[in-house]
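Residue numbers (the working numbering), protein chains in the order written: chain A, 912 to 1246; chain B, 912 to 1246; chain C, 912 to 1246; chain D, 912 to 1246.
What the hints contain is simulated information worked out from the structure, not anything from laboratory work.
Be aware that one or more of the hints could be misleading.
Copies of the same chain look alike in the list, so a pair counts if it fits in one copy or across any two.
Below, computed lysine-lysine pairings styled on DSSO-like, alpha-carbon distance capped at 30 Å [stated by the list, open to error]: (1) 964 x 1108; (2) 926 x 1088; (3) 1135 x 964; (4) 1088 x 1135; (5) 1234 x 1211; (6) 1135 x 1234; (7) 1088 x 964; (8) 1135 x 926; (9) 1211 x 964; (10) 1108 x 926.
These numbers come from a predicted model, not from an experiment.
Protein chains: 4
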Amino acid sequence: MRRWQLAGVGINALKLNAAPVPTPGHGEVLVRVKAAAINARDLGILAGHYPNKPGVVPFSDGAGIIEAVGPGVSGFVAGEAVMGCFYPFWESGPADENNRTSLGCNLDGMLAEYALVPASGLVLKPATLDFAEAATLPCAALTAWTALYTEGGLRPGQTVLVQGTGGVAIFALQLAKLSHARVILLSGSDAKLERAKALGADVGINYRETPEWSAAVLDATGGKGADIVVEVGGQDTLAQSLGSVRVGGRISVVGVLSGLVAPVPVPPILFRHVTLSGITVGHRADFRALAAAVDAAGLKPVIDRRFAFEDAVSAFAELPTGKHFGKLVVEVDRS
Amino acid sequence: MRRWQLAGVGINALKLNAAPVPTPGHGEVLVRVKAAAINARDLGILAGHYPNKPGVVPFSDGAGIIEAVGPGVSGFVAGEAVMGCFYPFWESGPADENNRTSLGCNLDGMLAEYALVPASGLVLKPATLDFAEAATLPCAALTAWTALYTEGGLRPGQTVLVQGTGGVAIFALQLAKLSHARVILLSGSDAKLERAKALGADVGINYRETPEWSAAVLDATGGKGADIVVEVGGQDTLAQSLGSVRVGGRISVVGVLSGLVAPVPVPPILFRHVTLSGITVGHRADFRALAAAVDAAGLKPVIDRRFAFEDAVSAFAELPTGKHFGKLVVEVDRS
Amino acid sequence: MRRWQLAGVGINALKLNAAPVPTPGHGEVLVRVKAAAINARDLGILAGHYPNKPGVVPFSDGAGIIEAVGPGVSGFVAGEAVMGCFYPFWESGPADENNRTSLGCNLDGMLAEYALVPASGLVLKPATLDFAEAATLPCAALTAWTALYTEGGLRPGQTVLVQGTGGVAIFALQLAKLSHARVILLSGSDAKLERAKALGADVGINYRETPEWSAAVLDATGGKGADIVVEVGGQDTLAQSLGSVRVGGRISVVGVLSGLVAPVPVPPILFRHVTLSGITVGHRADFRALAAAVDAAGLKPVIDRRFAFEDAVSAFAELPTGKHFGKLVVEVDRS
Amino acid sequence: MRRWQLAGVGINALKLNAAPVPTPGHGEVLVRVKAAAINARDLGILAGHYPNKPGVVPFSDGAGIIEAVGPGVSGFVAGEAVMGCFYPFWESGPADENNRTSLGCNLDGMLAEYALVPASGLVLKPATLDFAEAATLPCAALTAWTALYTEGGLRPGQTVLVQGTGGVAIFALQLAKLSHARVILLSGSDAKLERAKALGADVGINYRETPEWSAAVLDATGGKGADIVVEVGGQDTLAQSLGSVRVGGRISVVGVLSGLVAPVPVPPILFRHVTLSGITVGHRADFRALAAAVDAAGLKPVIDRRFAFEDAVSAFAELPTGKHFGKLVVEVDRS
């Protein structure tokens, strides 16, 4: 079988290697991968910002068919269609220091024709999605779900501010609309704002035309502010996000696109009783809940581009351009 | 002005009396009532089961237009369209012994041409509803909202079991569908089940044909059980509800239609880690949230019959027949 | 090695058998048991009320020293002092249908000289307790912890009603006093009430002298009622518990000592907005938290009697007498 | 009567004026103030950083005896000993834009011989405290309570990091110890660290000797980090706080002592799944709960200095020196 491995730092360290198809050990499941998806974290790993295992197979996200199960595995059988979990040992409950091991970083990931995954790190594929669509869920969709529902307690009629049109952002838009929330979406492109509106966004703000966009968010909410802000930026956005959130509201930090140290004005956090919460994807119980919601509501992930397995390097090159709207997928096996 | 008053116990104690239009005192608002709605509790008050004030004006539920505001009232002005709050002194937070005063029981209610309501007991009418529709929300819709969202934490893709087709039940169905939950609905009438499906119910169970309906609920949920049961009955239903709820699930008790003492099998509560929670309507912060959700989602309350103000006694007579599907409304002012 | 096994139903089905010391398989840990403790559930298993595995080794509760670890086990090494978890596959988060496997029922338990336990079902022994004391924690103490803290959200200054002086009850008393809660304790014995007061109980009520004890609880709380009731009874107590809890309060059902079907008056659940919640012990993350609290506070479990390993049958005979105050322990290895 | 008023900006704008004793209007209570207490916010108001009413009577915090109640007031009678609420219209539930009016800022405060307070802004004085002690609770103690219990969900055995020895910090120490939490306390003074240890602090860290104190916190917690950080600083402390908190932990921001814009490293918020939450004091339901806890546990506020009413200006001068340990109180009426 073939698998991509990261032998060092940078895009040139990505190599497509041959390897024998492994045999699942105790508690392991062998998955024949059909599709995999890239996330911003994969760029961070490529850049050497994470303590990844040497020669790691990239990508936390993928979906495929169970080829074989190892000893001691119950609950899964060969032939079932599954997705991998970002954190294969985080079953439920709060994030803690015991559940931080992740696919595509500490453990080999899904950018391979076959992947060995702990049985505790699999969830059945939603029946209404194909493999490429399902491959987009493990990191981006679950992050949005955790931000909105598990930590945000989103209810119908609340207002969500979504930043941009990347993977997490578009899932945040779609998942918020599942509950009839109002969604305000930021983008630097009017064309992308139009696409977002077609997906249900109620208000679009072009941050290039309106760099002080917190005022526009207040306008759109009767001066009150958004209930939940899904913050993907950091340095360039956090101060505006603080000006956009309602008293007692919540900013869910899901990314650091724009720099690592943000000058944060502390008084609005304090005086507006704001909660700022870092979101690290989510746990398997929520991933199951998300998969059930996808099926119940018929939610369709938005895939911007599909790359061939041999061309996976192009996905790494494409993601930082920020041209995409939704997810980039690598089709590992198009059969 | 004219108002209905309850001068004793039983339907013959209902009298339509004349009274001067009152002047709002400090913190009070005078509302010209356009429509009012009856709830099961109003039958209990009629029967003398509640410690109501003598000669109380019935009905917690109503909507109208502000005629005048008393001294010290801020946030409301004459001409605004409003609904009354079931508990006018319960602003937010948990139920406690300090927020139990209710309209139509301890305080005069809405079955009158003019009502004096504490300013803390008003919420703006949803713009998308007319007065008759808005009049149905204060008790039944807010009860369903509290059960599903505030206490139940309902998320997309979960399963809700709804019992019957009365006011709370139909709101529970509609509000659960707002979040793309799956709804299983019980009724004794196939015709009502069809109407419920037209409103979005995913599964209908006729409890006359299937008296051991917990088995049918398990069948419909892959053996797992419902996440939330909205329990309206009591004696006749609680044991079946306990058999219908998933491990770790929740039964929200919103009514006692079928008797006051239920023989409850304790082991399933214990061994299935079930939470059984009595729901007393809800607070004003949630009523505002509900009103926002109604507007955002375009939810339309289901009104079964409308009665003339002079004929309000007929609403008391109709409700116990159980023939209705949704709410019974008294149109106080049809202009 | 020797182990007790339950070969059928009833006390005569308990047999002390010889068996080879097992070798831990993948993910398993071999524990040399020093002490084990009995709980009411063990009587239910003895009576055939549970779907236990044939020939099960009884007792969910025990503590000992790791003798060996199987392949794939990380985080534990030979020589460490540990306690078993009631549910060895419930790491954290809500109870659900996937985490119900328990020691001493579906899996062999701790009433043996050596026990094989999944590594996910062990927690380090508190340093401040000996093995007999630690053996009392897995079921009774964790149940009380879950009821008071995880589900009850107990805070200093609240009032807890504790029923009786069995294992869960005495832990509920001690754990509630850790947070400076007020504790009202019921017992049928004045001598036991005195002992409970010595442990910190603020108010004692003799339910034999005061069978309508809900009135006494209201008296002791200024008419308001208790914030949390730890309900161990069922048929004989639930109605009184409902009369003892405050508006918006919580009854945690931790046992069914007095009968399986309780005639429950539904109106007080509904009209007082009461939550009635079945508690099934708890998860490993909470067990770790409990162990940390025991060490931090110097809490000492109350052991009523200690039995020799060979005499474990006497623990089964003693428990139903209800004479005990606190826990009954079997000392497996007194060395 | 005499009252202090702030007629402009700066300490010279503080004037001790004479005024007639007011008569309580509808819903108001006249309190004969016995003691009042200063908080850091009062310095911000003095400096003109808040939108205070012109000529405001300073101080949110005070305790006294009810002299008279206005029309429409129930639940209070003359002669009762009470404390004022920081937010007299925040009864319970989340912070929102409707409950932000505060004493000593938008409304006249407690630095007067008589104060008019809305009846919704009073709580009974704990029986175990004198008036000076009770006067310290409304802002500082309730802030610590909200941070630890309402938002932090503190449980016995958890670890709390407290910064400094000001009013909120010392209450955070004392309130955390009420639940047998472990407390790590920072100070720049070894003498203050010794005093904190005498009050129960488990670990003291001198931040002058150990400016990179996050490493010391990790050392003291087995590398794990604190469960809750009570952050009083801002610019100088936030980065260290982020390095001191456990994965999934919480930083409660209760003050901005050291500058208004903090350079916040976003990655640790994100990758450690940290929640950073601004705390604005708290609501009346929690203030009642806190008062009950104070009585139940016998907690004694730490008063560093007491000033005469005529000398209240000295309290404003003393607070910024940072020499104090605990609270500064103005004794309005020493009789």
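Going down the list of hints, with the structure as the test:
In this assembly of identical chains, the alpha carbons of residue 964 and residue 1108 never lie at most 30 Å apart, being 41 Å within a copy and 44 Å across copies at closest. Within a single copy, residue 926 and residue 1088 get their C-alpha atoms no closer than 40 Å, and across copies no closer than 48 Å, so neither meets the 30 Å cut-off. For the homomeric pair residue 1135 and residue 964, the shortest alpha-carbon distance between copies (22 Å) is at most 30 Å, but the shortest distance inside one copy (46 Å) is not. Proximity of residue 1088 to residue 1135 under the C-alpha cut-off of 30 Å is found in both arrangements, the shortest distances being 20 Å within a copy and 27 Å between copies.
When the C-alpha separation of residue 1234 and residue 1211 is checked against a cutoff of 30 Å, the pair qualifies only within one copy, where the shortest distance is 20 Å, while the shortest distance between copies is 41 Å. When the C-alpha separation of residue 1135 and residue 1234 is checked against a cutoff of 30 Å, the pair qualifies neither within a copy, at 32 Å, nor between copies, at 40 Å. Taking the shortest Cα distances, residue 1088 and residue 964 never come within 30 Å of each other, neither inside one copy (38 Å) nor across copies (42 Å). With identical chains, the CA atoms of residue 1135 and residue 926 are never at most 30 Å apart, being 51 Å at best within one copy and 37 Å at best between copies.
In this assembly of identical chains, the alpha carbons of residue 1211 and residue 964 never lie at most 30 Å apart, being 33 Å within a copy and 45 Å across copies at closest. For the homomeric pair residue 1108 and residue 926, neither the shortest alpha-carbon distance inside one copy (40 Å) nor that between copies (55 Å) is at most 30 Å.
Of the numbered hints listed earlier, those contradicted by the structure are 1, 2, 6, 7, 8, 9 and 10.
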